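Student: Protein chains in written order, with my numbering: chain A, 1 to 158; chain B, 159 to 448; chain C, 449 to 724; chain D, 725 to 1070.
Hints in this document: simulated from the structure, not taken from any laboratory.
Model, not experiment: these values are computed from the prediction.
Backbone N, C-alpha and C fix where the C-beta goes; we use that ideal spot for every residue, glycine too.
Hints may contain errors.
Each computed BS3-like pair below joins lysine-lysine, with the alpha-carbon atoms no more than 27 Å apart [what the hints assert, rightly or not]:
| # | chain 1 | residue 1 | chain 2 | residue 2 |
| --- | --- | --- | --- | --- |
| 1 | B | LYS228 | B | LYS251 |
| 2 | C | LYS526 | C | LYS588 |
| 3 | B | LYS360 | C | LYS632 |
| 4 | C | LYS644 | C | LYS632 |
| 5 | D | LYS924 | B | LYS272 |
| 6 | C | LYS522 | C | LYS672 |
| 7 | C | LYS526 | D | LYS807 |
| 8 | D | LYS911 | D | LYS770 |
| 9 | C | LYS522 | B | LYS360 |
| 10 | B | LYS272 | B | LYS360 |
Okay, the calculated bits of chain B under chain D, using three or more residues with CB under 8 Å as the criterion [as the list claims (entries may be wrong)]:
| # | region |
| --- | --- |
| 11 | 162 to 173 |
| 12 | 280 to 287 |
| 13 | 332 to 339 |
| 14 | 415 to 422 |
| 15 | 430 to 436 |
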Amino acid sequence: METNTPQPAGTFEPRMVAFVCNWCTYTGADLAGTSRLTMEPNVRIVRLPCTGRIDPLFILKALERGADGVIVSGCHPGDCHYTSGNYHARRRFAVFHDLLQFLGFEEDRLTFSWVSASEGMKWKDIVDDAVARVRALGPFRGYDREAVAGSELAGRAA
Amino acid sequence: MKELQDLARTLLSDGTVQVVIGWEDGPTGARPVFVTSPEGADKLIFDTRCVHNLATFLSPRRSHVARLGKAAVVVKGCDARAVAMLLRESQIKREDIVLIGVRCGGVQKDPASKEPLTAATVADKCTGCDVREPHLADHVVGELPQAPPNDDARERFIEELSAMPASERWEFWQTAFARCVRCNACREVCPLCTCERCIVDKTQPRWIEPSAHPAAIMAWQITRAQHHAGRCSDCGECARVCPAGIPLDVLNREMARILQIRFDYTATDDPEAPAPLGAFRTDDGQEFIR
Amino acid sequence: MNVYEPYLMTIDDVIDETADTRTLRLRFQDESVAESFDFRAGQFGEYSAFGAGECTFCIASPPTRRGYLECTFKSAGKVTSALRDLNPGDTVGFRGPYGNHFPLNEMEGKDLVFIAGGIGLAPVRCVIWNVLDQRDKYGKVTIVYGARSVGDLCYKRELQEWSERDDVTLWQTVDPGGETPEWKGEVGFVPTVLEKAAPSAETACAVLCGPPIMIKLTLPTLKKLGFEDDAIYTTLENRMKCGIGKCGRCNIGHVYVCVDGPVFTAAQLAALPPEY
Amino acid sequence: MSETRFITTQALAELTAELLAAGTRVVAPAEAADGAVDYQVISNAKDVVLDERMPRRSLRGFFQPPTEQVFTWNRTDSGFSLKPVDLSTEPWVVLGARPCDAAGAAAIDAVMNGEPKDDLWMRRRETVTVIGLACAAMGPGCFCELVGKGPADTTGSDILLRPAQGGYIVEIVTPRGQAFVEAHSAKFTSTDAEVQAPPKRYDPAPMDRIEAWLEANFNDEFWQELSLRCLGCGTCTSICPTCYCFDIVDEPVGTSAGARRRNWDTCQVGLFTLHASGHNPRPEQTNRCRQRIMHKFYIYPHRHDILLCTGCGRCVVACPTGVNLPEILTGIAGRAGEDTTMGGPA
Chain A
1 METNTPQPAG TFEPRMVAFV CNWCTYTGAD LAGTSRLTME PNVRIVRLPC TGRIDPLFIL
61 KALERGADGV IVSGCHPGDC HYTSGNYHAR RRFAVFHDLL QFLGFEEDRL TFSWVSASEG
121 MKWKDIVDDA VARVRALGPF RGYDREAVAG SELAGRAA
Chain B
159 MKELQDLART LLSDGTVQVV IGWEDGPTGA RPVFVTSPEG ADKLIFDTRC VHNLATFLSP
219 RRSHVARLGK AAVVVKGCDA RAVAMLLRES QIKREDIVLI GVRCGGVQKD PASKEPLTAA
279 TVADKCTGCD VREPHLADHV VGELPQAPPN DDARERFIEE LSAMPASERW EFWQTAFARC
339 VRCNACREVC PLCTCERCIV DKTQPRWIEP SAHPAAIMAW QITRAQHHAG RCSDCGECAR
399 VCPAGIPLDV LNREMARILQ IRFDYTATDD PEAPAPLGAF RTDDGQEFIR
Chain C
449 MNVYEPYLMT IDDVIDETAD TRTLRLRFQD ESVAESFDFR AGQFGEYSAF GAGECTFCIA
509 SPPTRRGYLE CTFKSAGKVT SALRDLNPGD TVGFRGPYGN HFPLNEMEGK DLVFIAGGIG
569 LAPVRCVIWN VLDQRDKYGK VTIVYGARSV GDLCYKRELQ EWSERDDVTL WQTVDPGGET
629 PEWKGEVGFV PTVLEKAAPS AETACAVLCG PPIMIKLTLP TLKKLGFEDD AIYTTLENRM
689 KCGIGKCGRC NIGHVYVCVD GPVFTAAQLA ALPPEY
Chain D
725 MSETRFITTQ ALAELTAELL AAGTRVVAPA EAADGAVDYQ VISNAKDVVL DERMPRRSLR
785 GFFQPPTEQV FTWNRTDSGF SLKPVDLSTE PWVVLGARPC DAAGAAAIDA VMNGEPKDDL
845 WMRRRETVTV IGLACAAMGP GCFCELVGKG PADTTGSDIL LRPAQGGYIV EIVTPRGQAF
905 VEAHSAKFTS TDAEVQAPPK RYDPAPMDRI EAWLEANFND EFWQELSLRC LGCGTCTSIC
965 PTCYCFDIVD EPVGTSAGAR RRNWDTCQVG LFTLHASGHN PRPEQTNRCR QRIMHKFYIY
1025 PHRHDILLCT GCGRCVVACP TGVNLPEILT GIAGRAGEDT TMGGPA
């Protein structure tokens, strides 16, 4: 993901990243494509072997690098290709989700979902909905690095 | 106090241990002390100023302490939770340490405080204490004092924060984090930050940038809290050390609450207890997943 | 221009010395800097791989050859890996020259013994070429160079060139087990080969650079050959960030490697606390 | 220059307001969101806190921010470009600097102003007018007298305010201070008010003997004893008015742009000296504790003839395990064979 390129006012298009598991959601997204479903083009997919591989750091990094929203998706509980990866991931995401909530992070920027290989339609709905919600929120400015980097202790200590 | 000193003297003179890690009366209040000879045992104290979690000296990162030989450590009931976690994560072996438990009726916020223990001066971590009688210890000394005065200011603060609109909470934490200078003191004092190389020090790839700008500060603080989920013993040393006064213990406390609500887990001094994030139930809540 | 702002340089050439060691030949992008830039043998610089950071290496090319700089490095950390990923034509940064230098003026007229191990040849090579480019100013030149194996020898073409010169005595060695069937040089550790080479210590200076263990074991041999501690020069490295005595990390006792070094005599080293 | 004037509390507030109105950047102690006092950029003269509360952190961050940009770079199809940070700095004012903080910044000048000059540091030093505030009381950790300073020390201040009835006696210390007073002469009156003797706690420690002992005793067992309780958190260094060590890092944005930044660093963590090869010249906390003491009381005085400690006492208060510099200095003085009658806290 490249640097935050300025966009003309009033034409905000969210940049979104989706971290998806290889076995279910990626295949589901593929199905959505081959079924020629039309959906929002804002999402870039990063394919991982399993939701169990998705460290919350990935999500933080995506936001740091300029994403306005993130989707995390994998196999439905019980369907994990590695038996229990998504169960472990679910606990981790639950804690992460609640922590972000406590920090006041805008919840609509982060979407967790289970999408199976046959749920191309569900994937389209998840994407369209997630993009719509982030579009409504506007760009993610919480991490505006350049606004602060190089400035002095001054001004932010207040 | 005499009971503690006598025990330390015995352990040192019969060669059970080479060092007793306890508290002494320092120039600015109570502080950790390392007693290596029976004569030195007279220095040992325990009173309400002994807020420090001495389990942190057992961390394998502190090789200069390990060099002294086998250690006996004086622990309050709450400190034993950190020892239990070190045992649970195979950072130390039970037979390599002697635990001297002290019965505790609460400690001050400030180890230099000469005030009597009241709801205003008592450390946040003492509220609702259920380990005045330490478990896990090889020896337990002292009389069981009264329960500490309760001050639920921190709990109330967490409730207030939770009741705020998200944007105000975000504002609160952004303001607090804006003071962070990324000194990593919170990590260095933590008894459970045992990683040989911390994620923030890793450069290939660089997951968390080292600068003090919002992205990096948030990434660090979230990661720190996340890595301590189900591990933190709520000793509060991170918040006590923070040169910027960031209420890190509030974050840790909230994590504990999340673990309690979601997985019915509370910090424990049982070294055999399963780690909540190393386990799962097929019916774990997933209302946040679509 | 602030003191932490590097000159921009273009990579002109990339030479693989060994499997993990590489030399970059760099050219200043600003012509006027290229013309005015001057340094002394033994000085170092801070090399930038933009996006990864800065790294400290000696300048491995001699000041007698102008118009370019060379650095030789082993891929070990983030910056060296990033430098290794660059190609001819890419831009790197350079700050320098920093630090002190070998006292080549004082060495004039003397016999010179160069002893190096592994990548430790890089700073020594700078002095060697400086001396060879002004060959008539110096006495006998003896070079003892060792590496773990034949594959770990750096500057192989130059070793060949030195071995063919009449005015240089070159001893090459590899650690036992590191030789190949074609290997014609010595097999054994540097101190042993040095003893065998037995250069005269009379009106001679030694320049020594290599891994700490080699330095530790070679110093007694040099003494045995009659070299005084103040006739033995070596160059130290410590983690550095600024290179100009500000950032506070490279000191050994009150000595800052970046400004008081990197070149020290064995006598100076012996007076330092053991923290390097 | 020992000229004195008087400024009333009211006039000082007006002066501050005027400076702000003129767009001058003013840094002064003020309450942070959590109620503690920090040096901060002031937007309202009313926020200035000139009471006995010691600012939580030293002034260092205003001369060397925890993170500051050195340059940004950009790689495009047309080539590589590097944009250095703008070094121009408008004149600014620090109001109410503790003498230890003013002296701390001045101590660091010795290294930063040496060739080659560190312009990132010096540009802020060269443009600042420091209005010091003498301490009316000793804080819990204060030991400025022990290191040869004092609650009314003028080092590093251009003007020193000394609390008096109804306002402050103004001691003009430097030509810059003189110019400042002249530029705002209506606010200052002449005075013959008596200066109150500052509070006293310690006699000076024999710093020369301490320096000599440190030079000679690198391997003393003292260092092991000292370092045991140290957790290596480095809090002492991040609140210190004289610690200046820094790191330089690159932070890319994508693959074609990025920034180089200079960040605070601390000698108390292993990474500070760790080589890429894995070798670490200071592998244990013992080495790092020794480095801190050596740097402040031997290395820096040896190189620059200035102590790298002004006795602000923040480290004494902030250390989570009670590492205590006055105790260490007294201990070293004792070892140095000095018959010490330095006394303890009053």
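Student: Evaluate each hint against the coordinates.
Tutor: How the hints compare with the structure:
1. B:LYS228 to B:LYS251: 11 Å, holds
2. C:LYS526 to C:LYS588: 41 Å, violated
3. B:LYS360 to C:LYS632: 43 Å, violated
4. C:LYS644 to C:LYS632: 16 Å, holds
5. D:LYS924 to B:LYS272: Holds, at roughly 23 Å.
6. C:LYS522 to C:LYS672: Violated: LYS522 of chain C and LYS672 of chain C sit about 33 Å apart, past 27 Å.
7. C:LYS526 to D:LYS807: 23 Å, holds
8. D:LYS911 to D:LYS770: Given pair LYS911 of chain D, LYS770 of chain D holds - Cα atoms ~17 Å apart, limit 27 Å.
9. C:LYS522 to B:LYS360: The given pair, whose Cα atoms are some 19 Å apart, holds under the 27 Å limit.
10. B:LYS272 to B:LYS360: Distance ~43 Å between LYS272 of chain B and LYS360 of chain B Cα, so the pair is violated.
11. 162 to 173: With 0 residues in contact (Cβ-Cβ under 8 Å with chain D), the coverage given for the region 162 to 173 of chain B is violated.
12. 280 to 287: violated (count 0)
13. 332 to 339: holds (count 4)
14. 415 to 422: Three-residue rule not met by the region 415 to 422 of chain B, so violated; n is 0.
15. 430 to 436: violated (count 0)
Of the hints listed earlier, those the structure fails to meet are numbers 2, 3, 6, 10, 11, 12, 14 and 15, in rising order.
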